[in-house]
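With the hints as extra help, turn the sequences into a complete structure.
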Amino acid sequence: MEDDDEFEGEVKRFLYVNRKAPHGTIYALETLETVLIAAAFDQDVSMVFIDDGVYQIKKDWDTTNVNMKNFSKTYRALDGYDVEKLYVEKESMEARGLTEDDLIVDVEVLSAAELSDLMDAQDVVISS
Amino acid sequence: MEDDDEFEGEVKRFLYVNRKAPHGTIYALETLETVLIAAAFDQDVSMVFIDDGVYQIKKDWDTTNVNMKNFSKTYRALDGYDVEKLYVEKESMEARGLTEDDLIVDVEVLSAAELSDLMDAQDVVISS
Amino acid sequence: MKFGILVNEGPFTHQASDTAYHFAKNALAKGHEINRVFFYNDGVNNANKLSEPQADDRNLVKLWSELAVEHKLDLVVCVAAALRRGIKDELIPEGFRISGLGQLVEAGIEGDRLMVFGD
Amino acid sequence: MKFGILVNEGPFTHQASDTAYHFAKNALAKGHEINRVFFYNDGVNNANKLSEPQADDRNLVKLWSELAVEHKLDLVVCVAAALRRGIKDELIPEGFRISGLGQLVEAGIEGDRLMVFGD
Amino acid sequence: MMLHTVNKSPFERNALSSCLRLAKKGSGILLIEDAVYGALADNAEGKKLAERNGDFKLYVLGPDLEARGVADKPLIDGVTVVDYGGFVDLAAEHDAVQSWL
Amino acid sequence: MMLHTVNKSPFERNALSSCLRLAKKGSGILLIEDAVYGALADNAEGKKLAERNGDFKLYVLGPDLEARGVADKPLIDGVTVVDYGGFVDLAAEHDAVQSWL
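Protein chains in written order, with the working numbering: chain A, 19 to 146; chain B, 19 to 146; chain C, 202 to 320; chain D, 202 to 320; chain E, 1336 to 1436; chain F, 1336 to 1436.
If you're looking for bench data, these hints aren't it; they were derived computationally from the structure. In this text the structure is predicted, and so the values were computed from the model without any measurement. Note that beta-carbon positions come from the ideal geometry of N, C-alpha and C, so glycine has one too. There's no promise every hint is true.
To be verified - Label-pair restraints from in silico Cβ distances:
no. : chain 1 : residue 1 : chain 2 : residue 2 : range
1   : C       : GLY301    : A       : ASP100    : 50 to 60 Å
2   : B       : GLU28     : A       : ALA130    : 53 to 63 Å
3   : E       : GLU1428   : C       : ARG298    : 22 to 32 Å
4   : E       : GLY1421   : A       : LYS108    : 32 to 42 Å
Here it is, written out as structure tokens:
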């Protein structure tokens, strides 16, 4: 990320909250489209995956037989857009029997209590 | 209902299953529109209200301040269309602290076990 | 066997229309008949021919349209639900037609099974 | 105070657009500013001028349109979400315009609060 | 402090329970649309919420209670009823707003 | 006997639990779309469903498991994986179909 002094004081903390499973609804895909655009605005962008949202970053999607778009690798591309702050709730992972090995991207696993502090410190929260 | 011999063997049991609260989504209203049309076909029509669907027939709606359509009295009009089989699940009522006095129409309150038998005997189930 | 199909959600936002399409296609492939596909609630949004998905995504409006033409399917868009949502004649793709809710009840009466796909 | 508003569902099927409209109207009545209303996901279906609800029901497309004209609101329909769903120039009512997702991010940066209404 | 809005019936979905798990103590929580049933004292979900009303400031949208015919039902302790104008005030008074959909 | 289909994640909504309460014992239950997570043996909801697998014939839609990257995860005992053709067969073999949405 560049060091833009001109943006000082204008950088806001944007949080994208993902709580829905992929494919059953389009929210995972369309939120991802927003995040990619948001990256161009040099804001402080974070994404959190909680509840069924953790399934959005489950690896090994094969959408051939449902004939829907496989946008799984876009999560991997986020890093190239300087979107590096990805958080997952530990409790949501555990309830779903998922471990970090199941995920397609590197994320930081936080407890509900830690996530609570992080989410409360945001300026703009876009959820779906 | 007329005694149409010509329909013999063609009368099917149609069940409309209502599980969603009113107003948050349109399903209550649009299902009701279907039931009114269905009545003209001289089929054996039943409606069941389970889960948040029981709130569809809660009396005393006042939609003035949300500026949405108040279609509550349509439930009362069903009787005039010969749609007389309305069933409510006892367990859903109890979880929501509702009694028959709360309802805008006369219904038959059935236990989950009784409803289970009734629902299983249907030919066509339209749910929302 | 004669299947009727009810689609209650629009394309893309919910998977309902996709699942209904795969069901219809596979039923036909197995030699079953589809006596009608009825689009209700937001399902009427499947009948908007202006829909233009990204090149690497499926085009559900086109898929339904082509399936209808190929198999002479009756795709009916509910007039009441469609009016509310602004789906009118000028938007209706080939293979779809606008009609009343009676067509749904009729599909239930005349078919052997009615399948409901929604949210 | 400057509010941005995001509407993620179409009219009628979900209450989101109604609630957003009441919020916007009341914010304006209290002297606040609405820097933008952004329509995303199925929210783009609020921008279909062919919508014709029953006479005894509210007409959300018209209500948004009139609010925009009266208060010079900026109602932006997301181009990507709209293309997918067949909401194109010929359907866009007065007071709405089609633009990119950057307009949503900008509304978040420039406003004091971003309000999200969806399903 | 943040304002959290919840618009889903707690009987049908997990939105309210996730909000209660993840909202910071002391936050405001406003129940709107189908979530207003969660503010009623006489049902199972309202009773669950009542156990947490020391942790949050609870609000419920009056027009949505009226529309559903439950404006006369007893609310759980400590819930404040607001109208759309009050919703605007709450959004302005808090530092940011999160919607639980 | 009826075929019941459920398309909602059991973590998010009450559709599957209502189906399990109201479907007649011996019925078929097919999990599709976001409901397929409920057929997995290693999560909390799958374990709950496993306790009922003597009461119903359980099926899950393979293409939806694959799309979500969970086709290789262990399923609860007694669940049969079907494709869209198998879905059609199930609908034809049962007397009627009810969708839990």
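The hints, checked one at a time:
1. Range check, GLY301/C to ASP100/A: about 54 Å between beta-carbon atoms, so the 50 to 60 Å window is met.
2. At roughly 57 Å, the beta-carbon separation of GLU28/B and ALA130/A lies within the given 53 to 63 Å, and the hint holds.
3. Range check, GLU1428/E to ARG298/C: about 53 Å between beta-carbon atoms, so the 22 to 32 Å window is missed.
4. Against the hinted window of 32 to 42 Å, the Cβ-Cβ separation of GLY1421/E and LYS108/A comes to about 36 Å, which satisfies the hint.
The structure fails hint 3 only (numbered hints given earlier).
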